[in-house]
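S.K.: Chain residues, written in single-letter form:
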Amino acid sequence: MSEFFRVAWHIVRKDMTVEIRSREILFTTLLFAVSVVLVFSFAIVREGRAPDDVAAGILWVAISFAGTLAMGRTFERERYNDTLRALMLAPADRPAVYTGKLLGLLLLLGLVEIVLVPLVGLLFGAPIFSYPIMLITLLATGTIGFAAVGTLFAAMLVRVRSRDTLLPVLLYPITIPVMIAGVRGTAALFQATPDEPMARFWIGLLIFWDAIFLTLALWTFEPVMTE
Amino acid sequence: MNGFARLAVTNVARHYGRRKALSQISFTCDAGEIVGLLGPNGAGKSTLLNVLATLVTPSRGSVQYGDRSASEGGAEIRGMIGMLGHDLFLYPELTARENLTFFAQLYGVTGVAGTVTGALDQAGLSERADDFVSSFSRGMRQRVALERALLHGPRLILLDEPFTGLDQASTAALVARLQERQRAGCLIILATHDLDVADGLLSRAIYLKDGRMVGTDTESRGLADRYRRAIQ
Amino acid sequence: MRKLTTPFIGLSAGMLLVAPWIINAAPYESTMGLVQKVFYFHFPSAILFLVASLICGVHSFRFLFMKRQSADAWALSAAELGLLFGALTLVTGPLWARKAWGVWWVWDPRLTSSLLLFLIFASYLMLRKYGGPGSERLAAGMALFGMLNVPFIYVSVNVWRTLHPQTSVVPTLPTDMGIPLWFCFAAFTMLFLALLTLRATLELQRARVEALYLAEDEA
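Sequence order for the protein chains is S, G and B.
With our numbering applied, the first sequence covers 1 to 227.
With our numbering applied, the second sequence covers 1001 to 1232.
With our numbering applied, the third sequence covers 2001 to 2219.
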C-alpha cells in the first residue's frame, strides 16, 4: 500500500519540479481561467450589474475549461519524449501512476481556484468568506470528481490523433453532473441568505460521486492504457 | 531480481485494424546473447520491441520470459526489462541527475543516490550531472537514457535504434557498455539500421520485412551481405 | 436470438401498424387530452434508451475486464440503438411537454441527465469513429462511466419534485390505458432486440472477415 503512494508521490514531485522550472502550464491555465471569467462577465452584465446567481456558474465554467486545458497539457508533456511509455514500463502499480498524475492536476487546479475565487468574489460581490470551510469543501469535492475522470480520459487519449477535440467531447457529458452539483452548492452559499443545508446536500452528493468515479477510474486505468 | 534463461517468442502477430504490423514471428534466444532486429523502415522492429517490453499485447501468439508469460508475470516481468526507446524517455526540463533519480525511485531501486552516482559515472557525465537534459547533445542524452534503462539491473535490455545520430566515440562507448552487459549475463535485443556497427556485435540476427521474419542466422561477420540476401 | 429476429421484426412491424387504432381506442387522460397519447411511444422509447445504456455498459465491462472480444460488437450495437431510442425519447418528450407544460424543455434532473446520456452515446460513437485503431478499449472505458448515469436518471424524478411524472405513475395506470401501453412496449422491445441482434451480428461478421483477411497469407 505504501508502495502505491510512494510511487504516486514521486510522480507528483517530478511534475511539480518540472512545472516550477517552466511555470508554463500554471500561468497559461491561470490566464485562461481569468479570461473565461471576464468574458462571461462581460457577456452577462446588463446596465453595469450582473444578475444574481451567475457568480457560481461562471466560477465553475472557468474551472472546467481551465481544467480541461491543463489536463491536455500535462499529458502532452508525457507524450513529448514518450516518457509515458517509461512510466508504463515501471514495475509499479499502474493505478499508482494515475494517482500521481491526478494529485499533480489537483494541485494545479487548487492554485487556479485560489486565484479565481477571490476574483469572482470581487467582481460579483459574492460572500466568499461567510462559509469558508463549506466553500472549500465544495470546490475540493467538485474538482476531485472532475479531475478524476479527466485524468483518465486525458491519459487514454494521449495516442489518439484528434485528442484535443475529443477530450472535451468525452469529458463534459460525463462530468456535468459533478459540475451541476458544484454550481448549485456554490450558488446556495453565495445567495443573499446562504442556504447551508442545501450546500451540505450537494457536498454529500459530490462525495458520493467522487468515490464512484475514483474507484472506477482506478479500476479501468490499466486495461484502458494497455494496447 | 531473478532473471530468466530463455526468451521464447511463439507465432506472435500484431494487427492494427487491417494493418499487419507483425505476423508469424517465432524465435528463441538465451541470456548472454546480443540479438539484432534488422530490416527496412516499417518492418515492425519497433512494434516487436514494444511487444517484448509487454507494452503491447500481441493479437496472436505468446512471449515466454523463462517459464512465465507477460500476463502472468505483470509487474515482476517489467522489473526485469530495461528499454531504450527511440524517443529516449527523458524529461528535458530536469537535470540528468534528477531524471535518473526519478526513474530510480519509480523503479524501486534501493540506495537511490549511490545508484544514480554510479550511473552518471558510467555515462561519463558526472561533471554535467546538474545540467538540464535539454542542453545535452544527442549522444549525451543517449548515454543518460541508456543508464536510465539500466538503473534497476534488468536482465532483458531492449534498444530501439540506439546508434542513431551518434558519433564514433559515443558509438564505441555504447558498444562497450552493451558487451559488458552481455558478459554479465543479460539478454540484449536491439533494432538497428546501422549494419557496420552491428557487424561483429551481434551473436544472432533476425531479419524483418513487412512485419514478417524473412531470415535468421547466428554468424558473426559479413552482415551487410547477409542482410541484402535476406531482405532482397 | 438470431432465429427470432425475423419473426420479431415482422411482429413488431405489424403491431406498430395496428398501434394507432389501439391508441385511439384508449381513453383520454383527464388533464392533458389527446397529447398525452404520445406517452405510448415516449415511455417505451425512454425505457429502452436506459436498457440500451445498461447493455452497452455490461458488454463494455466484459470486453475490457473479461477480455471477451465479441462483447465489443454488442456494446457498439447497444450504443447505436441507445442513440436512436434516445433521439426518439428526446423528440417525443418535448412534443408532449409543449402542450402539457407550455414549454419545449425544462432543466429538471431527468431531462437533463437524459440529454447527457444521449450526448455520452454520441461521444462514444465519435470516439470509435475518429479515435483510430485501439479506440474500442478507450470507448469501453468511457461507456462504463456513462452507464453510471442510468440509475441516476431513473431515481431523479423521485428525489426531486419536478414537472416530469414520477415513476409511480406507470404501475398504477387504469387497464384501458395499460393495454395500449404494454402493446406498444412489446412492439418496441421486439424491434429493439431484433435490431440489437442484427447490428451485433453484422459487427461480428465484419470482425470475422477482418480476421480471415489477416489470416489469409499465413500457413
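It should be emphasised that the hints constitute simulated quantities derived from the structure, not laboratory data.
One or more hints might be untrue.
Stated by the list, open to error - Cβ-Cβ distance ranges computed for the label pairs, FRET-style: (1) B:W2105 to S:W219: 32 to 40 Å; (2) G:Q1179 to S:W219: 20 to 28 Å; (3) G:G1111 to S:Y80: 23 to 31 Å; (4) S:I20 to G:Q1122: 23 to 31 Å; (5) S:F27 to B:K2129: 32 to 40 Å; (6) B:P2027 to S:W219: 44 to 52 Å; (7) S:R73 to G:Q1122: 30 to 38 Å; (8) B:W2105 to G:S1071: 29 to 37 Å; (9) S:T193 to B:W2021: 24 to 32 Å; (10) G:Q1179 to S:R6: 51 to 59 Å.
Note that the Cβ used here is the ideal one computed from N, Cα and C, for glycine as well.
S.K.: Please go over all the hints and tell whether each is borne out by the structure.
M.R.: Verification of the hints:
1. B:W2105 to S:W219: 32 to 40 Å: Holds, since W2105 of chain B and W219 of chain S (Cβ atoms, about 36 Å apart) stay within the stated range.
2. G:Q1179 to S:W219: 20 to 28 Å: violated (45 Å)
3. G:G1111 to S:Y80: 23 to 31 Å: holds (30 Å)
4. S:I20 to G:Q1122: 23 to 31 Å: holds (29 Å)
5. S:F27 to B:K2129: 32 to 40 Å: holds (36 Å)
6. B:P2027 to S:W219: 44 to 52 Å: Because 50 Å falls inside the window, the suggested range holds.
7. S:R73 to G:Q1122: 30 to 38 Å: Holds, since R73 of chain S and Q1122 of chain G (Cβ atoms, about 34 Å apart) stay within the stated range.
8. B:W2105 to G:S1071: 29 to 37 Å: violated (49 Å)
9. S:T193 to B:W2021: 24 to 32 Å: 57 Å Cβ-Cβ, so the 24 to 32 Å window is violated.
10. G:Q1179 to S:R6: 51 to 59 Å: violated (35 Å)
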